Every structure is written in structure tokens, then in C-alpha cells.
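Novice: Got chain A sorted already, so can you dock chain B onto it with the hints?
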Amino acid sequence: MQLPARTYRVTRADLVRYAGASGDFNPIHWSDRVATGVGLPGVIAHGMYTMALAARAVTEWTGDPAAIIEYRVRFARPVVVPDTDDGTEVTVSGVLRSTTDEGHRILDLTATCQGDKVLSQARATVRAAQT
Amino acid sequence: MPLDPSYAGHTYPPAPPYLVGREKIREFALAIGAADPAYVDPEAARKLGHPDVVAPPTFPIVLTAPGTQAMIDDPGLGLDFSRVVHGDQRFVYTRPVHGGDLITCTTTIEQVTSRAGTDFLTSRTDMVDETGGPVVTTWSMLVVRGD
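These protein sequence lines map, in sequence, to chains A and B. Quick note: the first sequence uses the working numbering, first residue 1, plus one each step. Quick note: the second sequence uses the working numbering, first residue 1, plus one each step.
So that you can see chain A by itself, here it is in the shape it has in the complex (with noise of 0.2 Å):
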């Protein structure tokens, strides 16, 4: 089964915002000078950021926003984030590789900005609905 593919936006604003409500201000998030002094072509989303907007994928499949039991993602890029209004996109889509016998289904996850793959191994269990 394939879950249908979202794209969310991101803007510099976004990690402005997501700096602000996660508490992680590291500079690479928000400062080209510090970004690109560090080797990174420009400012760069929080991978927790990607990893959220992926989770938000399965929360709206599901229409269950406690649905997720075990998720866990590896960074396999960073999703560079140029200061325009328009910003960058990351697209998620989803495939439901296994159920288990408890009836949770674990979904694989893949996550890519600009054509690339920005997250690896991506996986959610979600529970089983609740009856």
C-alpha cells in the first residue's frame, strides 16, 4: 500500500519559528555566514525539523495524532533552505512494508528535497486502531 505523496514548504520564517519553539538555536539554522564558514552550502532546516514535517505525513494518513508507537529516521542530507520567499519544498511519501501480529502497521518513510533523498531508514510503527 502506498501513501499518497505531501509536500510541505520551508522557509527561512519556519526555522526561525521551529528554532524559536524547539529551544535549538544553533546558528547553521538561521545564519549563512555561520552555515557556509562551517562547509554547508547555506543555511540548512533542523533535522528534527524534517524529521517533524515527515511525522506530520503519518498524522495525517492516519487521522491519529497519537498514532505513532516507534519512529526513527537517519539524516542522509540536509535540506538547504535559500532566503526567498519561496524557500525549498520536502516531499514525503509513505509505504506500508509489514503488519505486525499486535495489528501495528510499519510504515517506511522516504523524505526528498530538490530531487534528493534528505532522510534514510525512515520508519513509524503506528498503532492499530483503536477499537
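These are computed hints drawn from the structure, not numbers from a lab. Don't take each hint at face value.
[Stated by the list, open to error] Subject to a maximum C-alpha distance of 20 Å in a straight line, what follows is the list of computed DMTMM-like cross-link-like pairs (lysine to aspartate or glutamate):
1) B:24 x B:110
2) B:24 x A:24
3) B:47 x A:60
4) B:24 x B:41
5) A:117 x A:85
6) B:24 x A:14
7) B:24 x B:4
8) B:47 x A:64
9) B:24 x B:129
10) B:24 x B:52
These numbers were taken from a predicted model, which means no experiment stands behind them.
Specialist: Frame of chain A; chain B shown alone:
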């Protein structure tokens, strides 16, 4: 300077308890664009069987900050945060975090390895509520680039 591998198994003292506020959950949900009413509206959350608003799945990362700071501030470990890249992250949920939870986090270094001048540090943070019951366990793997 490489990380000290003898830190594997080291547990830091528990962080001061974190009181999860409804408005903090709202702020976090807005920041990630999550629109589910159960994140912001206690009534909507109660209709789904929760005692109060529900936190989005990655919200518990907010609670790991003191544990991360403890590792940065530990001179023996030798963690240079300016060289750190986030490698991977995993959450296992016993139950969702709710508004009103008083959560205590304890961070343990599980693994310190080195390969070709790059260090890998895996830490686990166990989160329990005021009854001592488990809520969430999360693992972070940090990659520390060499000179």
C-alpha cells in the same frame, strides 16, 4: 580531540522535572505546521480519550536539551558541539506526552565509537512521568567530525 570511549554506559543525573504546558505544545505544533485540533484543544483531545492536549511525536526532543547540555558541559567526554552533525534519531513511545505532564529525563551515553577520524556518540534519554511510569525513550546519534 576524540571522544573518550570509556563514557559508554555513563548516566548523567536526572534533569530537573519539565512541566509540559499546553501553550508550549501549541507553539511547537504551530512551528511544524501540524493542524490536528488535539494538539491545541483540550476538548478535542479528550474526545479521543486523552486527559489533555497531545504533543506531536517529535515534541519530546525539546525535553532532551538539558541532557545534551550535560554532555557538552562535561570536559571529560570531550564533545565539541561545533563539529557535531545529527546522525539519527529514534523515539519509542509508551504513551503520548500530554499537557500537564511533569516529565523527568535521564540521559545515558550508550555508545562511543570512532571510525576514520570521525566519532559517533549514541545517547539515550528515558522520560518518566510523576508516577515514575515510562512515557518516551529517545536515542540520538551524533556524528563528530574530526580535525
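Novice: Could you run down the list of hints and mark each one as holding or not?
Specialist: Against the structure, the hints come out as follows:
no.: 1; hint: B:24 x B:110; result: violated, 29 Å
no.: 2; hint: B:24 x A:24; result: holds, 14 Å
no.: 3; hint: B:47 x A:60; result: holds, 18 Å
no.: 4; hint: B:24 x B:41; result: holds, 13 Å
no.: 5; hint: A:117 x A:85; result: violated, 23 Å
no.: 6; hint: B:24 x A:14; result: holds, 17 Å
no.: 7; hint: B:24 x B:4; result: violated, 36 Å
no.: 8; hint: B:47 x A:64; result: holds, 12 Å
no.: 9; hint: B:24 x B:129; result: holds, 17 Å
no.: 10; hint: B:24 x B:52; result: holds, 13 Å
Hints 1, 5 and 7, counting from the list given before, are not met by this structure.
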